[in-house]
Amino acid sequence: MNAPTPPRMPTESGVPDHMAYMHPLLKANYGNWKWHDRPRAGVLHHVAQSGDEVWTVKAGTQRQMDVTTIRNLCAIADEYAGGHVRFTTRSNVEFMVDSADKVDPLIAKLNEEGYPVGGTGNSISMISHTQGWLHCDIPGTDASGVVKSLMDHLYPEFIQEDMPNRVKITTSCCQINCGGQGDIAINIQHTKPPVINHDLVAKQCERPAVIARCPVAAIRPALVNGRPSLEVDEKKCICCGACFPPCPPMQINDPVNSKIAVWVGGKHSSTRSKPTFHKLVAAGLPNNAPRWPEVAEVVNKILAAYKEDGRPWERMGEWIDRIGWPRFFEMTELPFTKYHLDDWRGGRASLNASAQVRL
Amino acid sequence: MTKKMPETPLLDQLESGPWPSFVTGLKRLADSEQNGEYMKSLLGQLEHSYDTRKGYWKGGTAGVIGYGAGVIPRFSEVAESYPESSEFHTLRIIPPAGMHYDTDTLRKMCDIWEKHGSGLIAFHGQSGDIMFQGCTTDNIQPAFDELNELGFDMGGAGAGVRTSMSCVGAARCEQSCFDEARAMRSVINATLDDMHRPSLPYKMKYKFSGCANDCVNATHRSDFAVIGTWKDDIQVDEDAWKEILAERGRKEINDQVINMCPTRALSLNDDDTLEIDNRSCVKCMHCINVLTKALSPGKERGITILIGGKRSLKIGDLMGTVIVPFMKLETDEDFEELVELAENVLEFFADNALEHERTGEMIERIGITNFLEGLGLGVDPNMVNHPRTSSYVRMDGWDDEVAKWNARKADKAVEAAE
Numbered sequence: 001m002n003a004p005t006p007p008r009m010p011t012e013s014g015v016p017d018h019m020a021y022m023h024p025l026l027k028a029n030y031g032n033w034k035w036h037d038r039p040r041a042g043v044l045h046h047v048a049q050s051g052d053e054v055w056t057v058k059a060g061t062q063r064q065m066d067v068t069t070i071r072n073l074c075a076i077a078d079e080y081a082g083g084h085v086r087f088t089t090r091s092n093v094e095f096m097v098d099s100a101d102k103v104d105p106l107i108a109k110l111n112e113e114g115y116p117v118g119g120t121g122n123s124i125s126m127i128s129h130t131q132g133w134l135h136c137d138i139p140g141t142d143a144s145g146v147v148k149s150l151m152d153h154l155y156p157e158f159i160q161e162d163m164p165n166r167v168k169i170t171t172s173c174c175q176i177n178c179g180g181q182g183d184i185a186i187n188i189q190h191t192k193p194p195v196i197n198h199d200l201v202a203k204q205c206e207r208p209a210v211i212a213r214c215p216v217a218a219i220r221p222a223l224v225n226g227r228p229s230l231e232v233d234e235k236k237c238i239c240c241g242a243c244f245p246p247c248p249p250m251q252i253n254d255p256v257n258s259k260i261a262v263w264v265g266g267k268h269s270s271t272r273s274k275p276t277f278h279k280l281v282a283a284g285l286p287n288n289a290p291r292w293p294e295v296a297e298v299v300n301k302i303l304a305a306y307k308e309d310g311r312p313w314e315r316m317g318e319w320i321d322r323i324g325w326p327r328f329f330e331m332t333e334l335p336f337t338k339y340h341l342d343d344w345r346g347g348r349a350s351l352n353a354s355a356q357v358r359l
Numbered sequence: 001m002t003k004k005m006p007e008t009p010l011l012d013q014l015e016s017g018p019w020p021s022f023v024t025g026l027k028r029l030a031d032s033e034q035n036g037e038y039m040k041s042l043l044g045q046l047e048h049s050y051d052t053r054k055g056y057w058k059g060g061t062a063g064v065i066g067y068g069a070g071v072i073p074r075f076s077e078v079a080e081s082y083p084e085s086s087e088f089h090t091l092r093i094i095p096p097a098g099m100h101y102d103t104d105t106l107r108k109m110c111d112i113w114e115k116h117g118s119g120l121i122a123f124h125g126q127s128g129d130i131m132f133q134g135c136t137t138d139n140i141q142p143a144f145d146e147l148n149e150l151g152f153d154m155g156g157a158g159a160g161v162r163t164s165m166s167c168v169g170a171a172r173c174e175q176s177c178f179d180e181a182r183a184m185r186s187v188i189n190a191t192l193d194d195m196h197r198p199s200l201p202y203k204m205k206y207k208f209s210g211c212a213n214d215c216v217n218a219t220h221r222s223d224f225a226v227i228g229t230w231k232d233d234i235q236v237d238e239d240a241w242k243e244i245l246a247e248r249g250r251k252e253i254n255d256q257v258i259n260m261c262p263t264r265a266l267s268l269n270d271d272d273t274l275e276i277d278n279r280s281c282v283k284c285m286h287c288i289n290v291l292t293k294a295l296s297p298g299k300e301r302g303i304t305i306l307i308g309g310k311r312s313l314k315i316g317d318l319m320g321t322v323i324v325p326f327m328k329l330e331t332d333e334d335f336e337e338l339v340e341l342a343e344n345v346l347e348f349f350a351d352n353a354l355e356h357e358r359t360g361e362m363i364e365r366i367g368i369t370n371f372l373e374g375l376g377l378g379v380d381p382n383m384v385n386h387p388r389t390s391s392y393v394r395m396d397g398w399d400d401e402v403a404k405w406n407a408r409k410a411d412k413a414v415e416a417a418e
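In order, the protein sequences belong to chains A and B.
Mapping to our numbering: the first sequence position 106 is 106, numbers consecutive.
Mapping to our numbering: the second sequence position 116 is 116, numbers consecutive.
Because the hints were derived from the structure by calculation, they are not lab data.
Since the model is a prediction, treat every value here as computed from it, not as a measurement.
C-beta atoms are modelled at their ideal positions from N, C-alpha and C, and glycine is treated no differently.
Certain hints may be false.
As the list claims (entries may be wrong) - Pairs of lysine to aspartate or glutamate residues, derived as EDC-like cross-links and limited to a Cα-Cα distance of at most 20 Å, are as follows:
| no. | chain 1 | residue 1 | chain 2 | residue 2 |
| --- | --- | --- | --- | --- |
| 1 | B | LYS108 | A | ASP137 |
| 2 | B | LYS314 | A | ASP233 |
| 3 | B | LYS314 | A | GLU206 |
| 4 | A | LYS34 | B | ASP233 |
| 5 | B | LYS54 | A | ASP233 |
| 6 | A | LYS34 | B | GLU243 |
| 7 | B | LYS314 | A | ASP342 |
| 8 | B | LYS58 | A | ASP342 |
| 9 | B | LYS203 | A | ASP233 |
| 10 | A | LYS274 | B | GLU243 |
| 11 | B | LYS108 | A | GLU206 |
What the hints assert, rightly or not - Stretch by stretch, here's where chain B covers chain A in the computed footprint (C-beta under 8 Å, at least three residues):
| no. | segment |
| --- | --- |
| 12 | 13-19 |
| 13 | 223-232 |
| 14 | 258-271 |
| 15 | 331-337 |
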């Protein structure tokens, strides 16, 4: 009798060795770089202690790439950049070349193939990107489409370095905010409590876990039409949607009432000022697929004010720290409402506990 | 019978404009021989989402033999209208540290995914995985087997250790203060069991940035952030400094460098030399970013470790905060020490966090003092913006704590003397 073939067990190899895939010039000078500059937008020039030099050309991508696009990038890398690329955390692709002469032909080829070259220094780089309607199980909006629409608008600022400092924009299709902190963050903000399908709750949801998930303890067990279910105290509910992932019958997404909010001044680096969270500036914008024009309008206003008034090296939040929030709302013509006051726990620390006012 | 290309009037609007269009790529796949039927159906569902402004994927269970995570299962809620793409799972695959690729490898990935999946790949997801997006339940195993044979392993998902990220760092950046990729590989490859067979209270993310510029957003986007720093003086290339000062002028240097130092550690002397109060410098990187040729990090480099960053769910946003102000990371022993600390934090988290609670939230609940004591880490003034302002604390252990502080100070003095 033949024994059944045992299934193939995975090779638990973990994180692959970067050295095996790295451009040879980077490998040769690993840990021994001396300085860098940016000869033009989209190009970095690094000089090693050894005297070796490498030019990096950075191009924007659509992140969700079909195999034809990837093979095309590979063909460009083979012809112009020694057969190596790397990707940045914001889904830009980088090609490395070993002489200044090779930069312009590479840029020309990338532009010809429809890839914008830029995203370096004080430009607006690619928007950090979530999954949205294409793949997420809880999305309030799309991700790729919002990003595509906005990057079409922001394209001129991607290919030049003309902002006071770098601008990092993020999008998120629910309030979990996978896109992360940003100089500008564009996030779904639900405005109505979940709509519960009581027939399905007992079957699909682990009720104690759902109750525990609520940040404001607004969910409680209930018997509805003779079935065990859950109910929401709608006066307490903050419409965050935290109950929806563990309990899909508590539908939070709403084509009309899931709105888009814009936040500014988030910063990850400890450079100059300490890292900061982004702050609410606009909300109630419609989830207007496929181009989200109302969002672009608000983003444009904010960027125009920052570009005009920000000083060199000031990030969005640092610029506002200098000019103050009254001036920010004046310059951007955005309304300031009671919703801008933070009444979440610890929110008092965001109030102005001083006699320093800007009049 | 070949399926017709679906009408996509809304998505079609995302094909115009200068930015590369993902819709054009999706359509190309829908038009292909290999993935056409699958992707026509997917395009149809996506257009339906655009039309109704709702998502139609639900989770479920799918995976590969030997692992308990890494596949994101997606089943369509509107499968009766879009049957061919009713299963559209994602494989999260760990990229090489620093996201370096040769084209041969990328092409092989394309071939595998064209054969077993949809032909759609995202470089990369927000956690740092290569996202092989879209395959049927039956094709998960063969796709993974081939990727695994190619030298790639499954990434993290759910309540486990997640795929990590490190900045480009030592590979191409003079500001790199440690070997980011080695540190990342050391820590992640030591905790793979908790990535592939996850049973933690919730996710655990490690991230590695070579300096305070924090290009992989470790401070806020990881539970355990390793950030490069240095202990000695900023290195000044006097010739480059003179050149830059002459070129840009005193006003610009004052406005953009000297006056932007957050701790007022810089001063332009009357003889045009740069004075640096290195004891006040907080290694923020600003002056070095502006004057890349004249200034660089010191020679005695190492890392700062921050713990507890996360986004809003459930108690609100938290930044990571310092638990190790400085640690060298050069020798094999140094790397072992980092891995041990990473494992200890993971173990403490596994033992003490409540279900669905992140490390930062656990610390918020139990207090930073308990966390530090649990890990056997000594306190340090670099851990605080300022000492406590609340007098509501029981302090009858004061003398013992003073003795500990004095003992640590004495140890450090001995270390420094050696």
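Quiz item: Broken hints, numbered, in rising order?
Solution: Numbers 1, 5, 8, 9, 10, 11, 13, 15 - these are the hints that the structure violates, sorted from lowest upward.
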